[in-house]
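Take the sequences, apply the hints, and build the full model.
Going down the list, the protein sequences come from chains R and S.
For the first sequence, counting from 1, position 29 maps to 398 in the working numbering; every step adds exactly one.
For the second sequence, counting from 1, position 59 maps to 67 in the working numbering; every step adds exactly one.
Misleading hints may appear alongside valid ones.
Which chain R residues stay away from chain S? Per the calculated CB distances, all over 10 Å, these [to be verified]:
(1) I376
(2) P377
(3) S439
In the DSS-like style, the derived pairs of lysine-lysine whose C-alpha atoms are separated by at most 27 Å in a straight line are [as the list claims (entries may be wrong)]:
(4) S:K109 to R:K370
(5) R:K466 to R:K370
(6) S:K88 to R:K411
(7) R:K411 to S:K109
(8) R:K466 to S:K109
(9) R:K437 to S:K109
(10) R:K466 to R:K411
The hints are simulated quantities; they were obtained by calculation from the structure and are not laboratory data.
In this text, a Cβ means the ideal position worked out from N, Cα and C, and glycines have one as well.
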Amino acid sequence: KQEVTQIPAALSVPEGENLVLNCSFTDSAIYNLQWFRQDPGKGLTSLLLIQSSQREQTSGRLNASLDKSSGRSTLYIAASQPGDSATYLCAVTGFQKLVFGTGTRLLVSP
Amino acid sequence: SQTIHQWPATLVQPVGSPLSLECTVEGTSNPNLYWYRQAAGRGLQLLFYSVGIGQISSEVPQNLSASRPQDRQFILSSKKLLLSDSGFYLCAWSSSQGAGKLFFGSGTQLSVL
Chain R
370 KQEVTQIPAA
380 LSVPEGENLV
390 LNCSFTDSAI
400 YNLQWFRQDP
410 GKGLTSLLLI
420 QSSQREQTSG
430 RLNASLDKSS
440 GRSTLYIAAS
450 QPGDSATYLC
460 AVTGFQKLVF
470 GTGTRLLVSP
Chain S
9 SQTIHQWPAT
19 LVQPVGSPLS
29 LECTVEGTSN
39 PNLYWYRQAA
49 GRGLQLLFYS
59 VGIGQISSEV
69 PQNLSASRPQ
79 DRQFILSSKK
89 LLLSDSGFYL
99 CAWSSSQGAG
109 KLFFGSGTQL
119 SVL
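Structure follows, in structure tokens:
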């Protein structure tokens, strides 16, 4: 059974810092890995999707990497802003369904 | 473009009452559809998924059921709500063509009192 873990559970940083969120999964037989953002009381917004054959994806200040063999992914956020404050979730796709981590709650203070 | 609609946004129901949450997708055909629940302080738990009309797979035994009466309509139901059914319910869809992105609705906050 796939298990997804995210560390840290919560992170508080001052504006402008570069930061890394970690995601690990137990079963390397995945199709892809996605990073999502969730604002309080809202649905999830997909940020980046990395196919199992890829090593990384970039979108603006976000960069996500995937090391399938070791069961790890990182989300790098450059020059963090208060608007980045949210919960970030990673999810791995097995056959037709995703398994989510419990998320990292990020607070970026001005 | 594709859009997903989920309603209601919030719902307060007494224990023992029925439940019906609806989700519809526009702008795509034959999507894979999902119901997730997010309990306070916990991760997202997959409840049901569907790859076609009338085809429902349940991930966990529970007090809830799902139905897909039309290609782009997914309904989550209960005959009698329990306190433990409280949570944030999210509908999502993905393309049936390969393992692609998952797109979420805005969620329903259900409080069972």
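Q) Okay, which hints does this one fail, numbers in order? A) none
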